[in-house]
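**Student:** Chains as they are written, first to last, in the numbering used here: chain A, 1 to 195; chain B, 10001 to 10188; chain C, 20001 to 20470; chain D, 30001 to 31037.
One or more hints might be untrue.
[Stated by the list, open to error] SDA-like cross-link-like pairs, simulated, lysine to any residue; straight-line CA separation at most 25 Å:
id : chain 1 : residue 1 : chain 2 : residue 2
1  : C       : Lys20211  : A       : Asn134
2  : B       : Lys10086  : D       : Ser30966
3  : B       : Lys10105  : D       : Pro30104
4  : D       : Lys30801  : B       : Leu10180
5  : D       : Lys30925  : D       : Pro30104
6  : C       : Lys20211  : A       : Glu137
7  : D       : Lys30791  : A       : Phe74
8  : D       : Lys30223  : D       : Gln30427
9  : C       : Lys20211  : A       : Leu125
10 : B       : Lys10086  : D       : Thr30100
11 : D       : Lys30791  : B       : Val10042
12 : B       : Lys10167  : D       : Asp30963
13 : D       : Lys30749  : C       : Ala20258
14 : B       : Lys10105  : D       : Ala30964
15 : B       : Lys10105  : D       : Gln30427
16 : B       : Lys10157  : D       : Ala30964
17 : D       : Lys30925  : C       : Thr20070
18 : D       : Lys30406  : D       : Lys30425
19 : C       : Lys20421  : D       : Pro30660
20 : B       : Lys10105  : D       : Asp30963
21 : C       : Lys20211  : A       : Phe74
22 : D       : Lys30791  : A       : Leu125
23 : C       : Lys20421  : D       : Ser30966
[Said to hold, decoys possible] Some chain D residues near chain B, calculated using beta-carbon distances under 8 Å:
id : residue
24 : Val30090
25 : Tyr30092
26 : Val30393
27 : Gln30526
28 : Leu30891
29 : Leu31012
[Stated by the list, open to error] Estimated spans, in silico, between C-beta atoms of each pair:
id : chain 1 : residue 1 : chain 2 : residue 2 : range
30 : D       : Asn30701  : C       : Pro20422  : 26 to 36 Å
31 : A       : Phe74     : C       : Gly20208  : 28 to 38 Å
32 : B       : Asp10135  : D       : Ser30554  : 43 to 53 Å
Keep in mind that the hints were calculated from the coordinates and are not lab data. Fair warning: this is a prediction, and the values are worked out from it, not measured in the lab. Beta carbons: idealized from backbone N, C-alpha and C, even for Gly.
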Amino acid sequence: MNAQQRVHGLLAEFWTPEEILKATRVARQAGYQDVDAYTPYTVEGLAEELGMRRSRIPSLVLIGGLVGAGVGFFMQYYTMAVDYPYNSGGRPYNSWPAFIPVTFEMLILVASLAAFLGMLLINGLPHPNHPLFNVAEFARASQDRYFLCIEASDEKFDVHETAQFLGTLQPHGPIIVVPIEPEAVEEPDPAAKPN
Amino acid sequence: MTYTGSSYGTSAGMPPVQPIPFSHQHHVGVLGIDCRYCHTSVESSSFAGIPPTKTCMNCHSQMWVGSEMLQPVRESYRTNTPIRWKRVYNIPGFAYFDHSIHVQKGIGCSSCHGRIDEMPFTYQQPSLLMTWCLDCHRHPENEIRPREFVFDMKYQKPADQRSLGAKLMDDYHIRDAHDLTSCSVCHR
Amino acid sequence: MATEAPKLERRDEELHVLGLKPQYVPIEHNLQSVTDTISDISLDQRRRPYWVGLLLLNGALFFTFAGVVTYLLITGVGIWGINIPVAWSFAITSFVWWIGIGHAGTLISAFLLLMHQPWRTSINRIAEAMTIFAVMTAGLFPLLHLGRPWFFYWLLPYSNSMSVWPQFRSALVWDVFAVSTYFLVSLLFWYMGMIPDLATLRDRSQPGLRKEIYGILAMGWRSSARHWRRYETAYLLLAGLATPLVISVHSVVSSDFAISLVPGWHETVFPPYFVAGAVFSGFAMVIVLCIALRKAYHLQDFITRDHLDVMAKLLLATSLITSYGYLSEQTVTYYGGDQHDVHVYWYRLVAFDKYAWIVWTLFTCNTVVPQILWFRRARRSQAVLFVVSLIVLLGMWLERYMIICSSLSEDYLPSSYGFFKPTVWDVLTYVGSIGFFFIPFLLFVRYLPLLSISETRALLPGAHGPGVGR
Amino acid sequence: MNSRKNLGPTLSRLQQQLDVQGPRKYWQSLDEIAGEPSFQELVKQEFPVLADIWPSALSRRKFLALMGASLGLAGVSGCSVRPAPEGTIVPYVRQPEQVTPGIPLFFATAMVHGGEAVGLLVESHEGRPTKVEGNPNHPGSRGATSIFHQASVLTLYDPSRSQTVTHQDHVRGWDDAEAAIELALAEQRKSGGAGLRILTEPVFSPSLADQIQQLLNDFPQAKWHQYEPVNDGVAMAALEAAFGESVSPIYDFSKADVVLALDADFLSEGPGALVYASDFMDRRRVRTGENDAGQASMNRLYSVETAVSCTGAKADHRLAVRMSEIEGIARAIAAAIGVEGVSGTDGTHEKWCAAVARDLKQHRGKSIVLAGARQPKNVHLLAAAINETLGNVGQTIRYIVPPAAKPEDPLASLQDLARDIEQGKVQSLFILGGNPAYTAPADLRLSELLKNVTQTFHLSLFKDETSRLCQWHLPETHYLEAWSDGRAFDGTPSVGQPLIQPLYEGRSAREFIALLRGQRDADGRQLVRSFWKQEWQKTHLNGSDGDFEQFWRSALHDGVIGQAAEHKQVALRPDWQDQLTQQNGTGDTGENNLELVFQADPAIHDGRYAMNGWLQELPKPISKLTWGNAALMSPKTASKLGLSYESFAHGGEHGGFDVPLVDLQLDERAVTAPVWIMPGHADDSVTVYLGHGRRSAAKANGEWQETLGFNAYELRSSEAMWFAPGLKVSVRSEAYPLACTQARHLETKHGVIRSATLEEYRHDPRHAVEHKEEQEGGKLVQIEQPITLYKDFHYDPPQHKWGMSIDLTTCVGCNACVMACQAENNIPVVGKEQVLAGREMHWLRVDRYMSGSMDQPEEFHFQPLPCMHCEHAPCEYVCPTAATVHSAEGLNDMVYNRCVGTRFCSNNCPYKVRRFNFLEYADFKNETRRMQYNPDVTVRSRGVMEKCTYCVQRIRQAEINADAASRPIADGEVLTACQAVCPTKAIVFGDINDASSTVAKWKKSPLDYGLLAELNTYPRTTYLAAVRNPNPELEQG
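All chains, please: the whole structure from these sequences, using the hints.
**Tutor:** Encoded structure:
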């Protein structure tokens, strides 16, 4: 139905880390895959609950470091010993001991850039127009509330069923339907009125 | 790098407007006058020499006497005020280029100034950037020609330029790249 | 339909046994109160009088600095008192001093993150901000003290029409790379740490330009747990990279002197001695800033006395290391017996008409005064700590000044001995640079989250375990 | 024209345009050229926007000033990114045949200074004299020059030179002056010239003297007076009294084994100093290689003097006594030697005089005793007598006809003139050159007297104190702008050719005398040529004009136009003793009886060079003071006056010193002077330099220029021209900054200066070099073979391996090398404030060290310190932009255009030989000053480091010349600027790879050592240890 496509997912609000941990575990066990929890700080164990594998960032940083060091040393070697070799203080053209500091700095620089940009890229940031921002209550996600969102892209997702399922997880406040387009002001879905 | 290297940056290839439209093509190409007739001190001094008005008047007191184009030359000769040519090759003050040694070592005029005999209006052929100088100082063998062809505009580099160059470098005692790229060779 | 968050009950009495267990964690706070107190500093529009006052004062210093720099660029470095043989003095002293101050910031946030020290949370953002602005100020000096500053770009390896490159055996080229890398990495580290807090500010601020700016800066951060996981990994890796970076940058800065031939400079102890000096002056500056901000913004709950206590201990520790540096320099030189070195170290101590009074002042500032920190009462009193830190900052500046000027003044040939007398422009350049540092710092204090809100939340009791914390 | 200078486009073209106008008028005043149509057309072309407002809004003068400023900025155009500035290139219309732009020409000329004319070769670039070199075949130079000859080229271009004729400060033309002169002379013709007086400096030019003589024939009653403040009038008078006729001594130091100098600084001052220094030092070179060290021989020098001089510093034995005591010592030595009719012993220095006398007696006929020009008549008589008794006359001393055209006692001559003026006999007074109003003794009150002479004319280079008092001031030409001639110290005449048309409307003295004799537009060349034609015809009776022309051209080429004066066989008059006046008691050396001694400033001489920036900034040989003078005294004297050494000098300063001021009071005259403590100065005696503190040294852009320091002439009276007892010194409270480039006197670091006695050298030639190390560590430290990690760079043949060796034995510290370096390499003058801050720019400095204590210094050593061009240069690896790099021939190149000015290289140089342009020191704006710049050397702008480059421009030129002739560079073909002018050949430069070269030989000498070689810098400039030849008798004492 058309409502289905316009919905990004369903959102449930919780107030303590334990609630969100339990809710996530239950959701995952119920077979939902595209589940994501939103917490104001890193909650211990939540990532494992969501079934995340080892992150690729460390390998990115290693590659970045090696590339940085390689570029750093080659730049110095090429300029000092190949392109315009001149006698500076009787030191040999390829005075590699003197090239080490810059090589080290380049290693750190490229590795750090790899770490930062890697994190942003893998996280898909910057992503300012995410549907979740259309929900007013979601603003508390970065302050003191914990949220669980089951996305419509999940094959088990059905607006009513999933809302029903979310209701069973004792969320605080109603289950919110997250619209994809911001201007369609969603009146509360009567079906998901919790107790 | 692109800006400084562009012809706008190095003003290469752009003939400045001269007070008198002197044509090398006519004088060198057609008439076959040797470079040293006007640029007298090219073999003796760092400055190649710009011909005094008298050199022009050697011929132009007899020929083309009435031509309007040569009026400034006659005017200059009569009133003893020099002709103010626009400088084509502007080398910065801190770089010291010496014509005599280059000519003596077998670097031809056309190697740097290009085919002057085909230039109706003289323009700066090379970029005059330091990289251009260094290319030759690092590998002189690519440009050296036998001394007798230095002033020959029509000299073409032979196929085996590299081997000829190497041989000539020994004959003319040209120092190796490390010597020629010492800074005080050009800067002092 | 915002529901009112319940107040957190006191759960764990034994957590706060008076004085025994260091209390780095805000007790009477919950997620809501932590978020509100810290983000309100940036969000509420009321101008605090002393913030405006400080801004004006430092604005004046900033404009004197701009005036001095303009006059310097027009006339030349001759307006300073430098001469032959003392060709470096105030400018390079201030450079090393500022970059030394910068090092404590990243060291606190990176190294202590690796060590999982809870007390770093409330001061790491202040320290990192101090690093960024100190390194910016420091980076100015190597350019200002150039004879022809409009050719500074020759120090960078760009492909040019002269096909001539910077000379990589020179410590000054290492400096260029080290300082710029350090600035970039600290900036990344600082900004990355701030992304979640910027998201908080974005969510709490009234709609308008500020909300949009915070939104842009927060890069659409939506506190997703998956993002948090990758964020934590990257943050830890950055900390892992920043720690050796700090050590290397100040070693490279010390190599400006260590690779030279000047007696009093070419000491092998310089790299560690300079790094210790850097951390030492860095902690002093952090303490000064924390005490000031603590009082100004009533952050006593977050920057507790225990924070001050542990920082005072570290100040004392690094003071001892630096003093060890002085001692080893002197003894190794007299033991070695090279006539030039011995002359320099001896005349530093005894020539009271030249540099000796500076030497003895800095010994008192850096070695004697910090000994007061052995006493617990001194460590916990804000006034004592503030004064000791300022003295240490002065002492470290004098130390760099003594090293640079006295060694150059009388090095090898008696005929080329010379003396450096500072001119008014020397002093103005240094004082102006303080303004140059505080202007961005005050803007940071005003517009950016002062403490790391997300990490403080993580520290709240019950934030982890099954406790009741909301 | 490949003009190296960064001339602004307009004025350089303007200049070329003026160049090209040929020899007629080189330079008009600025207003005239501004008015020329061609200039206005030029302005339209060059500055179209300004062209229309040119005539109305801006006055021409302002426009030129404005353009001058913009040109200054244009000078910085080098840094604008391309497109390349629109330059122009302007050829000649008719090119003079031998002028080839880019190749300098050398012309022989001669300069009169300090009682002699020295032959010079002046380098001229495109018609501009830029550098003075010595003339090898001139007897007074032999290729060397003094600091005055080097600095003279700067005075030529000094913008504050007088440029126009003025009558009571109003600008006039030469025709007005000529009219006034004719009027005055017509008046004088009536009385046969009774009221006419001519006052010149002592004339050494035969042609000028002849002209003046002819003028005196026209005016029989007129008188010709000569006056110069620093003169040897007393000596001449004494010798005339002793020998009955006027003679002048010539010494041959090559034959002298023992020399006694009684206050005679023959190594650096006085006529023939260059030649005497060269001959004297030839006898002290002991480099006879390893094997025959045993037979090495040296001469020995004793010196008796008050203030430390170059000769005193190089003496094997130096006795510091008050000036008044020198006569006593001379008597004691004369008596000991057995000069009949002389008796008396000197109490305190008994042993010293006896030993010296004994040494002199052992070297009869091979010794010399010199009396300084400042000594009273008795000392000269005694010296002549001693030389006669020792049989030196004819061996090491010869007497000739004095080279001066009219030898007389200048002081007496000036006193006659003063007396005539006082009696109102003088109506018109012509003063040619000199500056009597400033330099006359104070008691003559010449300044007031000049006021009541009806017409006074002063022909001089600068509008100075005398011009201010005279009605007419007439600009004089510089010696490089006019024809002249002069006799050398040994009488050899030489002709002075001009190198350039007079820059301003000046006339030479001979043209002015010709004007006095009625010839209005006399041509200097004609005057000199006709005089020498007569002289030539005297010896070549039937010589044709062609022969003379040939002789004239060869004389102009060689710089010598006749033979030396022949020796006169003279003998002491038998009754010379009664000339000896009674010795006027040495006076008690009590505290209140201090002695004041006058001395000509080693750099400013008698004050005539006060406007010369190079000389003002040249550190004095011993005190190393610059810009101004001071009252020099010994540490003991200072402590007596309550000024302890520590009280004022921070010590170790290189630059600023705050010293206390004192009032020097002599009879009723007083002067305030700063105090400078000089170890080695005699006690109870204060020396002051003449020539400073001038109130109106020149008039430039409307104001009278003053010079620093105090005026010592105010204390000078005619009875005591050189020294006077009874000086009262009272200390004032305030302090005064003195600019000194090397304050630290004592050799606190061993190994910097190495010396040995001749005995030690004979015993073990390497003793000097290693002696010091052996004592301390017990084991012989081999410091010559430093170890290194690096693979060596090869400089084997055919590559050149440039190196320099400096002999500390023969360097006399005369600073000629420092001045030559400044002239050759466009080194700027920085002014007193910058020297106070320690920023002087000399690439080469001569360090002066003393061994012993502050109160009793024993040895003095000079160490010229150019760049060492180290093979492992500590300055190169620290430069971030590779602005200083090692060339393939071992030169440490300094690339000015690549330097960004981090100054790390200067910090890392252990020798501190690098200099930095802290501010914009070079003068890019002043047109005349820029003419002196050497086009082969870049003029450095602000923010650039600079240093000695071994005159790389000369090396490159020699390489190009050798390559053109496809031959290797001969040894001695490359002469660095310092090596060329050194009178004692103490500096040698050359290719170390060429075993036959002098520098290679010197470096193999056992005395050779590298300065601070233990730092692994591998310096290419090495030193030869100093060898002294002390008298064993005095050594133990």
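**Student:** Decide, hint by hint, whether the structure agrees.
**Tutor:** Hints, one by one, checked against the model:
In summary, the hint linking Lys20211/C to Asn134/A is supported, as the alpha carbons are separated by about 15 Å, within the 25 Å threshold. Straight-line distance between C-alpha atoms of Lys10086/B and Ser30966/D comes to about 36 Å, which puts the hinted pair past the 25 Å bound. The hinted pair formed by Lys10105/B and Pro30104/D meets the criterion: a straight-line CA distance of about 23 Å does not exceed 25 Å. Annotation: proposed proximity of Lys30801/D to Leu10180/B holds, straight-line Cα distance about 15 Å (limit 25 Å).
A C-alpha spacing of about 24 Å is found between Lys30925/D and Pro30104/D, which places the hinted pair at or below 25 Å, so the restraint holds. Restraint check for Lys20211/C and Glu137/A: satisfied, since their Cα atoms lie roughly 17 Å apart, inside the 25 Å limit. With a CA separation close to 22 Å, the supplied pair Lys30791/D and Phe74/A stays within the 25 Å bound. A C-alpha spacing of about 12 Å is found between Lys30223/D and Gln30427/D, which places the hinted pair at or below 25 Å, so the restraint holds.
Distance hint between Lys20211/C and Leu125/A is fulfilled; the C-alpha atoms sit about 18 Å from each other, no more than 25 Å. The hinted pair formed by Lys10086/B and Thr30100/D meets the criterion: a straight-line CA distance of about 20 Å does not exceed 25 Å. Among the hinted pairs, Lys30791/D with Val10042/B is inconsistent with the structure: their alpha-carbon atoms are about 42 Å apart, more than 25 Å. The straight-line distance between the Cα atoms of Lys10167/B and Asp30963/D is roughly 17 Å, inside the 25 Å bound, and the hint therefore holds.
Only pairs whose Cα atoms come within 25 Å are accepted, and Lys30749/D paired with Ala20258/C is accepted, the gap being roughly 23 Å. For the given pair, Lys10105/B sits about 8 Å from Ala30964/D by alpha-carbon distance, which is consistent with the 25 Å threshold. Taken as a hint, the Lys10105/B and Gln30427/D pair is broken in the structure, with Cα atoms around 72 Å apart against an allowance of 25 Å. Distance hint between Lys10157/B and Ala30964/D is fulfilled; the C-alpha atoms sit about 24 Å from each other, no more than 25 Å.
At most 25 Å may separate the alpha-carbon atoms for a hinted pair to count; Lys30925/D and Thr20070/C meet this at roughly 23 Å. A threshold of 25 Å between alpha carbons decides the hint, and for Lys30406/D with Lys30425/D the separation of about 23 Å falls inside it, so the pair holds. Our distance criterion of 25 Å between C-alpha atoms is met by Lys20421/C and Pro30660/D, whose separation comes to about 20 Å. For the given pair, Lys10105/B sits about 9 Å from Asp30963/D by alpha-carbon distance, which is consistent with the 25 Å threshold.
Between the alpha carbons of Lys20211/C and Phe74/A the distance comes to roughly 46 Å, so the proposed pair goes past 25 Å and is violated. Restraint check for Lys30791/D and Leu125/A: not satisfied, since their Cα atoms lie roughly 54 Å apart, outside the 25 Å limit. With a C-alpha separation of about 55 Å, the suggested pairing of Lys20421/C with Ser30966/D is violated against the 25 Å cut-off. For Val30090/D, the interface hint holds, the least distance from its beta-carbon to any beta-carbon of chain B being 5 Å, beneath 8 Å.
With 8 Å as the threshold, the beta carbon of Tyr30092/D comes within range of chain B, its nearest partner Cβ sitting at about 4 Å, so the hint holds. Nearest Cβ of chain B to the Cβ of Val30393/D: about 53 Å, over the 8 Å cut. The hint is violated. Hint on Gln30526/D is violated. Least Cβ distance to chain B is approximately 25 Å, over the 8 Å limit. Satisfaction of the interface hint for Leu30891/D is found here, the shortest Cβ-Cβ separation to chain B being roughly 6 Å, below the 8 Å cut-off.
Interface restraint check for Leu31012/D: the shortest CB-CB distance to chain B comes to about 24 Å, outside 8 Å, so the restraint is violated. A hinted range of 26 to 36 Å holds for the C-beta pair Asn30701/D and Pro20422/C, which are about 35 Å apart. Distance hint for Phe74/A and Gly20208/C: a CB-CB separation of about 50 Å, inconsistent with the stated range 28 to 38 Å. The hint said 43 to 53 Å for the Cβ distance between Asp10135/B and Ser30554/D, and at roughly 51 Å that hint holds.
Of the numbered hints listed earlier, those contradicted by the structure are 2, 11, 15, 21, 22, 23, 26, 27, 29, 31.
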